[in-house]
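These protein sequences, in sequence, are chains A and B. Counting with this note's numbering, you get residues 5 to 487 for the letters of the first sequence. Counting with this note's numbering, you get residues 5 to 487 for the letters of the second sequence.
Calculated from the structure, these hints are not laboratory results. Worth double-checking, as some hints may not be accurate.
Since the list can't tell identical chains apart, any single copy or any two copies may satisfy a pair.
Straight-line Cα separation of at most 30 Å, DSS-like style, residue types lysine-lysine; simulated pairs [to be verified]:
id, residue 1, residue 2
1, Lys261, Lys209
2, Lys436, Lys349
3, Lys486, Lys61
4, Lys234, Lys261
5, Lys486, Lys428
6, Lys475, Lys486
7, Lys442, Lys349
8, Lys37, Lys347
9, Lys61, Lys37
10, Lys428, Lys145
11, Lys253, Lys234
12, Lys172, Lys145
13, Lys209, Lys37
14, Lys436, Lys291
15, Lys37, Lys172
Just so it is clear, the structure is predicted and the values come from calculations on it, not from any experiment.
There are 2 protein chains.
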Amino acid sequence: MEKSTLTTIPDEDFLYVQIADRLGSQIRQQVIKTGEKLPSVRALSHEQGISLSTAYKAYVQLEIKGLIEARPKSGYYVRYTPARSFDKIKPKGEQQEGESKKVSLDEMIAMVYRNFSAESMLRLSVASPALSLLPQARLNKSMMEAIRLSPNSCISYESVQGNETLKKHIARHAFSWGGNILPDDIVTTQGCMEALVFCLRAVTKPGDVVAIEGPTYFGIFNTVQSLGLKIVEIPTDATDGLDLNYLEKAIGVHKIKACLFVPTFSNPLGYCMTNERKKQLVELLAKHEVPLIEDDIYGEMYFGKTRPRTCKSYDKQGLVMLCSSVSKTLAPGYRVGWCIPGKFKREIVNLKLMHSLSSASPTQAAIGHFFETGRYDLHMRNLRKALHTQCLRYTQAIAEHFPDDVKVSRPQGGYVLWIELDKKIDAFELYKQALTYKISISPGQIFSTDSRFTNFIRISFGAPYNDEVDKGLKTLGRLISKF
Amino acid sequence: MEKSTLTTIPDEDFLYVQIADRLGSQIRQQVIKTGEKLPSVRALSHEQGISLSTAYKAYVQLEIKGLIEARPKSGYYVRYTPARSFDKIKPKGEQQEGESKKVSLDEMIAMVYRNFSAESMLRLSVASPALSLLPQARLNKSMMEAIRLSPNSCISYESVQGNETLKKHIARHAFSWGGNILPDDIVTTQGCMEALVFCLRAVTKPGDVVAIEGPTYFGIFNTVQSLGLKIVEIPTDATDGLDLNYLEKAIGVHKIKACLFVPTFSNPLGYCMTNERKKQLVELLAKHEVPLIEDDIYGEMYFGKTRPRTCKSYDKQGLVMLCSSVSKTLAPGYRVGWCIPGKFKREIVNLKLMHSLSSASPTQAAIGHFFETGRYDLHMRNLRKALHTQCLRYTQAIAEHFPDDVKVSRPQGGYVLWIELDKKIDAFELYKQALTYKISISPGQIFSTDSRFTNFIRISFGAPYNDEVDKGLKTLGRLISKF
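Start from the sequences, fold in the hints, and give me the full structure.
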């Protein structure tokens, strides 16, 4: 594993970022209090020996982060910021030499995976919907009807690119995220993971460097590393999302061959990049000719009014490879995913051919049929509503049962809450203690290749809130307090 | 592509093989005529200065090859052997600078693949059973029953190693090939191809050298190369199979990191290594600590009385990784395969986890159920009988319709005939001409990385013999004659 050698060193081009960072940290530490007026742009420029433009940009930066607000004809003021909001998480923080160091990242991940399938467990570790939220009966019906409608009972090989009906509906759904996609632009895969693997293999070779978010879904690390690729983590956080400046610098330093990001409801942060930032990201990568693998697996799980746009919708050069699946929305066990690989379609088709000839016929046909009958749209409306409610309910319970110094993310979609505990708490220890109470959570350690998140945990709100969950969260709160 | 620089040398340990070879070549050249009685074992032993046991083994060898037959209480006789049997095919033959050179191997393979799925085509190119030979209705029933029996309707993730019922029956079936396998020794995969890919990745890294048979299934070349591996082709032919002496030398010269062979009914040759040779192969590789990836996908398609043993059955050190699937026997489109990876199980489980978390639940459950109800054994008895009949019927038709100088393999199982045409004939040209008559065949060029097989074609007998096939083979025969 190559560790990034980047430090956030002063960079004359990004002076305003430093100024904003410094001011931001003063605001967070309440050196400048909520409601206080800040110096005018002119005064700041004078005071810091910077240009008016740089001073202005620093304030805009703070505004974007939600730390200050511009009041018309009056100036900039520190906004109300709840004590529980996140500190800016910077990569390359101090490596904490805690207990958890004794267990390797791989071993931790393997442990967490093992407990995924333990039946008697309160599984707060799985970023998926509870079975009760999935339309079992209607999907079974689609499976049977699809097999009956197939001229060969789905017993024959499916074509390499995938089931036609399924591709047609994936293309249609692309409208909702701003895409203009034809069925032939799509290649189906064995879940989203396989799509990511093929995309990575299409644009890299072993030894190459790939940029991913930190923190990110732990499965990604293993997958990227198992392909012989090196990882550079680009800092992202629950309030500002991906650090594009850092990314641009990293591209220069590390010869990054591909980026693999989750721009919509990233896991574990639940953060959705704004349309503007998505566009900037696509343009930035286009400028440097770096392909973007856009993991859009949570894209349909929005709590707002509309489906967020994707980076793919801003892609003019075919450099964005969108990957998704129905594993988080409909049927994890069906392993039906896809990618829209832009100009790398030929490579993806070849890789699929070399790996497995084609994907399973019955499962693709069943999901295609589920779309075709309109069952999917109906199901998704219900699922989104249920998840949003669950998100709020879990957040509230955590506020009630967890100690006061705990900070919780406010996701705009997806399945998970990202929770920062007191610095002294070792999340992996907490994870192990919780297991003895038959509660599985995901310790922060497994979301990064370094040890920045030893005091974080991820909790899934995929299961409807009930007494068992309530009891589990109370127990967790008690365990955290005891530390 | 690294080219091998090896040649074949005599080996004292295999005296009986040499004797059998010499006798066999006399039989083929009609020095000893059909129906003639051979010297008794005792006479042969005396005549050649070899032990009785070696003489006996030489005759058994010739019997296995179908060149002689033992008549009870009478002795050994030369069997009826059509003049069309194979000459020994040696690798490193002259490179033929034909027309087909203009099209790259990759392009040829891509073309052949494309025509696999063309519906109106007489598909003599596909090494799979015709749909009519597959138990569609009974398999649909298993799918529905399996989903009904599953506590979660097969909607949830299957465990990483795979469906329990399926693994149980794979383990049970291992008895028939001499294996002593537990369900927990097995990892299910997305077809046999994915099993091969995981096995290759488990024991090699990009740049390593892998030994495969030449000629072999063209999908293997692409798969091996797409993993950044180099190929050494070990010569094999339709009468003697894999050249073990050549292999041993190749291991020394090339630092071979893994072998990927099809010891039972290799594709395209249809050759089955004898038990003795399989054991030798395993011991040879164990001596050099080289893992063997045993592609056993055709193992169940035997025409003889019993299921041939596998190399895996001789494996004492866990170095043999057996891969198979139901794609050739039951349901190509289900993509249900498995591997029995010996001591590399942990690596395989990890690779599967990194690639796709798990395999599809409904398809695994359906195949498991199909085994559980005994439907599989019944189906296989019928399928084997049908295939053996088709094999003989196709062979006879080729003898009738093709020119006299054409030579045909005599497979002991599997789906394909390997046919040698006149040296002047360019098989890829023939392939293209046949396409204009809506007949697809596999040209020999795609079965090797060099140009040894420009005058070979592979024809599948997976479809029942009927008027369409008859007409197709007549047309092919006419095209061949015109060259």
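Each hint tested on the structure:
For the homomeric pair Lys261 and Lys209, the shortest alpha-carbon distances inside one copy (9 Å) and between copies (20 Å) are both at most 30 Å. Taking the closest pair of Cα atoms, Lys436 and Lys349 come within 30 Å of each other only across two copies (26 Å); inside a single copy the shortest separation is 44 Å, beyond that limit. For the homomeric pair Lys486 and Lys61, neither the shortest alpha-carbon distance inside one copy (44 Å) nor that between copies (77 Å) is at most 30 Å. In this homomeric assembly, Lys234 and Lys261 come within 30 Å of each other (Cα to Cα) both inside a single copy, at 10 Å, and across copies, at 24 Å.
For the homomeric pair Lys486 and Lys428, the shortest alpha-carbon distance inside one copy (11 Å) is at most 30 Å, but the shortest distance between copies (85 Å) is not. In this assembly of identical chains, Lys475 and Lys486 lie within 30 Å of each other by CA distance solely inside one copy; the values are 17 Å within and 83 Å between copies. Taking CA atoms no more than 30 Å apart as the test, Lys442 paired with Lys349 passes between copies only; the shortest distance there is 28 Å, against 45 Å inside one copy. With identical chains, the CA atoms of Lys37 and Lys347 are never at most 30 Å apart, being 50 Å at best within one copy and 63 Å at best between copies.
Taking the closest pair of Cα atoms, Lys61 and Lys37 come within 30 Å of each other only inside a single copy of the chain (21 Å); across copies the shortest separation is 95 Å, beyond that limit. Proximity of Lys428 to Lys145 under the C-alpha cut-off of 30 Å is found in neither arrangement, the shortest distances being 52 Å within a copy and 57 Å between copies. Taking the shortest Cα distances, Lys253 and Lys234 sit within 30 Å of each other inside one copy (17 Å), while across copies they are farther apart (37 Å). For a Cα distance limit of 30 Å, the shortest separation of Lys172 from Lys145 qualifies both inside one copy, at 20 Å, and across copies, at 28 Å.
For the homomeric pair Lys209 and Lys37, neither the shortest alpha-carbon distance inside one copy (51 Å) nor that between copies (57 Å) is at most 30 Å. Neither within a single protomer nor between protomers do Lys436 and Lys291 lie at most 30 Å apart by alpha-carbon distance, with minima of 46 Å and 44 Å respectively. Within a single copy, Lys37 and Lys172 get their C-alpha atoms no closer than 51 Å, and across copies no closer than 65 Å, so neither meets the 30 Å cut-off.
The structure shown violates the earlier hints numbered 3, 8, 10, 13, 14 and 15.
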